[in-house]
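2 protein chains.
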Amino acid sequence: MISVEKALEIILNSTQDFGVEEIPFLQSSGRILKESIFADRDFPPFNRVTMDGIAIDVTSFQNGQRSYKIEGIQAAGSEQISLKNRENCIEVMTGAVLPKNTSAVVRYEDITIKNGIAIINIDAIYDRQNIHEQGKDEQKGTELIAKNTLIGAAEIGVFATVGKSMVKVAKHPKVMIISTGDELVGVEEIPLAHQIRRSNVFTLVSLLNTLNIHSETNHISDDKMVLTSKIKEYLENFDVLLFSGAVSKGKFDFLPEVLENLGVEKLFHEVAQKPGKPFWFGQTTSCKVFAFPGNPVSTFVNCLVYFYPWFYNSTGTKIEKKTAILSEDVIFKPNLTYFLQVKLSYRFGHLIATPINSNGSGDLSSLINADGFIQLPNDKIEFKKGESFKVFSF
Amino acid sequence: MISVEKALEIILNSTQDFGVEEIPFLQSSGRILKESIFADRDFPPFNRVTMDGIAIDVTSFQNGQRSYKIEGIQAAGSEQISLKNRENCIEVMTGAVLPKNTSAVVRYEDITIKNGIAIINIDAIYDRQNIHEQGKDEQKGTELIAKNTLIGAAEIGVFATVGKSMVKVAKHPKVMIISTGDELVGVEEIPLAHQIRRSNVFTLVSLLNTLNIHSETNHISDDKMVLTSKIKEYLENFDVLLFSGAVSKGKFDFLPEVLENLGVEKLFHEVAQKPGKPFWFGQTTSCKVFAFPGNPVSTFVNCLVYFYPWFYNSTGTKIEKKTAILSEDVIFKPNLTYFLQVKLSYRFGHLIATPINSNGSGDLSSLINADGFIQLPNDKIEFKKGESFKVFSF
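First to last, the protein sequences are chains Y and C. According to our numbering, the first sequence holds residues 1 to 394 in order. According to our numbering, the second sequence holds residues 1 to 394 in order.
Chain Y on its own, in the form it takes in the complex (with noise of 0.2 Å):
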C-alpha cells in the first residue's frame, strides 16, 4: 500500500499527449489553447475617442479660445476626417478615430451648443484628454494569450478582437468508462432485491463532462472470458479506461488480474487512504487504466484526486490549488490519508469547510449536501479547528 503522495507522483509521472486539433473559437471555452495569441494590429487600432463630446486642437483653447463653431461629425465606424480651420471644432462619438489635427476631446457635459456654435464652459483641459491613444494596450506583434491556457469568456472575447476564427486547443483523450458486478441493473429498469442501479458510470460522466471530455460507457459482466475479450478492444481504442469496482478482494474481482494477463503494466493497487483504499492504476503504451473501487464516494474522490491533475497535467494547464480552514475539531485515527467530505462557504475571505455527517464511505447522497472534499494528512490524529488543508471543490 503506498501513500496518496506516492500515488500521485506516479500518476503524474504517467501523463500522456494527446495532440493538437484546430476548432471554432465559439466552441473552444472549457479547452486548453495550443497556440499563442499575439495583437494582429495595435490596441486601439487608432486614436480613440473615449467620450461624446468635441474634438478640438488644444492649442486654441491654450490661446484663450472658448467658443468653435462645428464643422462636422465623427461618427464610430465613420473613416477618419479632418478639421480644416483649427479654429473650429468637431463633434465626435465614443468609439470613433480621432479626426486629423485635433488633440483634445471635451465631454457633452462640459459644453454647450448653440446655433452650430460649442461653448466650453471649463477652465482646463489637457492635451490628449478623452483619447484612448493607438497602442496603449497592446502593441502590434505583443502575445495576448499565452499557449496553455485554460480558455474562458475573456479569451473568447479576445479571439474574436484579432480575428482568431479557429483556434489550436489540446485534443482530449478518448475515454471509456466501464461498470463490472452482476449486481447491477439499468437506471430504467426495477432492480430485484438483491441487485441494484449502476450510477458510478454516471458519476462519472458527469464529473468528466465538467473538464469538457466526452466519454463512452458500457457495462461488463462478472464473468473472466467477456471482462477479458472487452477490455482487449477497448485498450486497443481509448486512451483511458474508468473502472469502478472488482478491485477489492473478492472471489469475482479478478479485474487486476485480467489487466495484467492482457499486459496491462500495474503501476499500483492499494493507496493508504479513506475512502477510496482499493485503487488500482496501470498503463500500456498507448492507454492508461484508473481502476476504482466500486463504492460511489470512492470512486468520487478517487476521480477528482487523481484523474482530474493526471488530465491537467497532460494538457499542460496549470490549476490553482484550493486550500479551506476547518470549522471545527476533527480526530482520525486510522493511518490513511482522510478525505472528509464538507460543505464550503466563505466569510471575511476565509474558505471555511465544515464537515458533513455521513455514515460511511458508500452513502452517494451524503455528497449532495457536501461541495468539497478536505484532505486530512496521515501523519497526524488531530485536526484542529482554524487549521488549513488542501480541498477538492466540486
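Please note that a few of the clues may not be correct.
Said to hold, decoys possible - Here are some chain C residues pointing at chain Y (derived, C-beta under 10 Å):
(1) F25
(2) P45
(3) V187
(4) G294
(5) A324
(6) L344
(7) I368
Said to hold, decoys possible - Using C-beta positions, here's what the derived DEER-type ranges look like:
(8) Y:D110 with C:K266: 21 to 27 Å
(9) Y:G72 with C:P334: 28 to 34 Å
(10) Y:L8 with C:I190: 46 to 52 Å
(11) C:N335 with Y:G64: 31 to 37 Å
(12) Y:E143 with C:Y108: 58 to 64 Å
(13) Y:H214 with C:S36: 27 to 33 Å
(14) Y:D223 with C:T354: 53 to 59 Å
(15) C:Q80 with Y:N335: 32 to 38 Å
(16) Y:Q62 with C:D17: 58 to 64 Å
(17) Y:I113 with C:P334: 24 to 30 Å
(18) C:A193 with Y:T284: 52 to 58 Å
(19) C:E216 with Y:I113: 35 to 41 Å
(20) Y:G64 with C:K224: 38 to 44 Å
(21) Y:K385 with C:D127: 31 to 37 Å
No wet-lab data here; the hints were simulated from the structure. All residues carry an ideal CB built from backbone N, CA and C; glycine is no exception.
On the provided structure of chain Y, position chain C as indicated by the hints.
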C-alpha cells in the same frame, strides 16, 4: 444615476419564470432541479456485505466455535441464500446480500481456509460487523435532493441510483445577444483602419454558456429604422435581450429612445460604478432588456454582477457569495463602486485578491490575467490590505 445596490435590487425584483422541462438525467448537469427526488427503496436496499470473507451466525462464535465448514458462496448480484446449518458459514463478497441466518462478516484477512473449512484467527467478533444495514443511509421515501438544487455529478449519481432517467429542470430563457455600432465588423473580416471586430457578443455567449444558457447573436447597424424593426421582432420572440453598446450619450446612441418607443419600460439608466456605468435596464411583460455599455470590460463585469444573479434568482438557485482579501492597499477617489480586476489565489484557506494593473476599463486583454472583480464600495476612498470584499470570479 442609482447605486449598484439599488440597481441590483431592481433587477432581483424583476425576475421571470421560464417554466419547467423534463430532460434525460445525464444531460441535466449544470441545470436547476425542479422536483424533489425521493429514495425509491431503502439504501442500502438489503443488509449489504462490506468486506469479502465469511458470514456466520455470531452466537456460534460466542459459544466458543472457531472452525466453520463453508456451505456455499453468496456473490454480489445473486439472490439471497440461507445458511442451513448455523454452525457452518457462507463465503460472501462485497456488495452481496447478507445470507439468511447469519449476523456477522469476518474478513479473509482474519481467517484461514483449508479443505473447505474456515478457521477464525481473531478473538473478538461483534454482532453485525462488516454489514451495511438495510435503510441505514436512507429510508424509502426520504427526500434525497431538494427542489432548486443546482445539478452536478453527485446529483447525477443519485438520479441513476433511484431510477430517475428523466428529470424536471428549470427551462432556460431564450436569449438574443445584439451588438450595435457601425465601427464593428465580423471576426473573419479584416477591419479597415477605423473599424474593429465584434467581440463583446461572443464574450457574452461564453459567459452565458457557463450558465448552460444557449443564446443567439445578431448585429444591427446604427440606423434607427432598422434598429426599431429588428428589436420589435426580438422583443416578441425572446425572454431576454442583451445589448452591448449604444447606451451612452453619443449622437448615434439612440438605443434607449428606440426601446422606450417600443414600449419597453425603463427601470434605470446609469449606475454609480466603474467600469460599466451607462447600463440601461428595462422590461416588457414578457421580455427583460439588459443594455450594457460597449466597452468589453464593462460588458463583462455587468454580465457577472447583474445578469448572473438575475438568472439565479429567476430559476430559484441559491449561490454562495464569495469574498476575498485585498493583498495591497487600493485608493479609489470617485464616488462610484469600483469593480477592480484581480488575480485570485488561496493561501492557508484565505482567498487573496491581487489587483491587476490595467490600462482602463476598455482593455479586454487585461482580463486574460485576471480571474475576478473585487467590489470596492463607494462609501470609502481607501481600501486596506487585509480587508475583505465581495468578489466575482470567472
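Hint-by-hint comparison with the structure:
1. Residue-level restraint check for C:F25 holds (minimum Cβ-Cβ distance to chain Y is 7 Å; threshold 10 Å).
2. About 6 Å separates the beta-carbon of C:P45 from the nearest beta-carbon of chain Y, less than 10 Å, and the hint is met.
3. The criterion of a C-beta within 10 Å of any C-beta in chain Y is met by C:V187, whose closest approach is roughly 5 Å, and the hint holds.
4. Restraint check, C:G294 versus chain Y: the minimum CB separation of about 7 Å is within 10 Å; hint holds.
5. Contact between C:A324 and chain Y, as hinted, is supported at the beta carbon level, the nearest pair being about 5 Å apart and thus within 10 Å.
6. Because the closest C-beta pair between C:L344 and chain Y is about 7 Å apart, less than 10 Å, the hint holds.
7. This hint holds: C:I368 has a C-beta 5 Å from the nearest C-beta of chain Y, less than the 10 Å allowed.
8. In this structure the hint that Y:D110 and C:K266 lie 21 to 27 Å apart at CB holds, the actual value being about 26 Å.
9. Hint check: Y:G72 to C:P334, Cβ distance near 33 Å, so the stated range 28 to 34 Å holds.
10. Between Y:L8 and C:I190, the C-beta spacing of about 48 Å keeps the proposed range 46 to 52 Å intact.
11. Roughly 33 Å separates the CB atoms of C:N335 and Y:G64, a value that falls within the hinted 31 to 37 Å.
12. In this structure the supplied range 58 to 64 Å holds for Y:E143 paired with C:Y108, their Cβ-Cβ distance being about 59 Å.
13. Y:H214 and C:S36 have their C-beta atoms about 30 Å apart, which keeps the hinted 27 to 33 Å range intact.
14. A hinted range of 53 to 59 Å holds for the C-beta pair Y:D223 and C:T354, which are about 57 Å apart.
15. The hinted window of 32 to 38 Å between C:Q80 and Y:N335 holds, with their beta carbons roughly 36 Å apart.
16. Between Y:Q62 and C:D17 the beta carbons are some 60 Å apart, a value that agrees with the proposed interval 58 to 64 Å.
17. As the Cβ distance of Y:I113 to C:P334 is approximately 26 Å, the hint placing it in 24 to 30 Å holds.
18. Checking the proposed 52 to 58 Å range against C:A193 and Y:T284 shows it holds: the Cβ atoms sit about 57 Å from each other.
19. Here the CB-CB span from C:E216 to Y:I113 is close to 39 Å, well matched to the stated 35 to 41 Å.
20. As the Cβ distance of Y:G64 to C:K224 is approximately 40 Å, the hint placing it in 38 to 44 Å holds.
21. Checked against the hint of 31 to 37 Å, the pair Y:K385 and C:D127 passes, with Cβ atoms roughly 35 Å apart.
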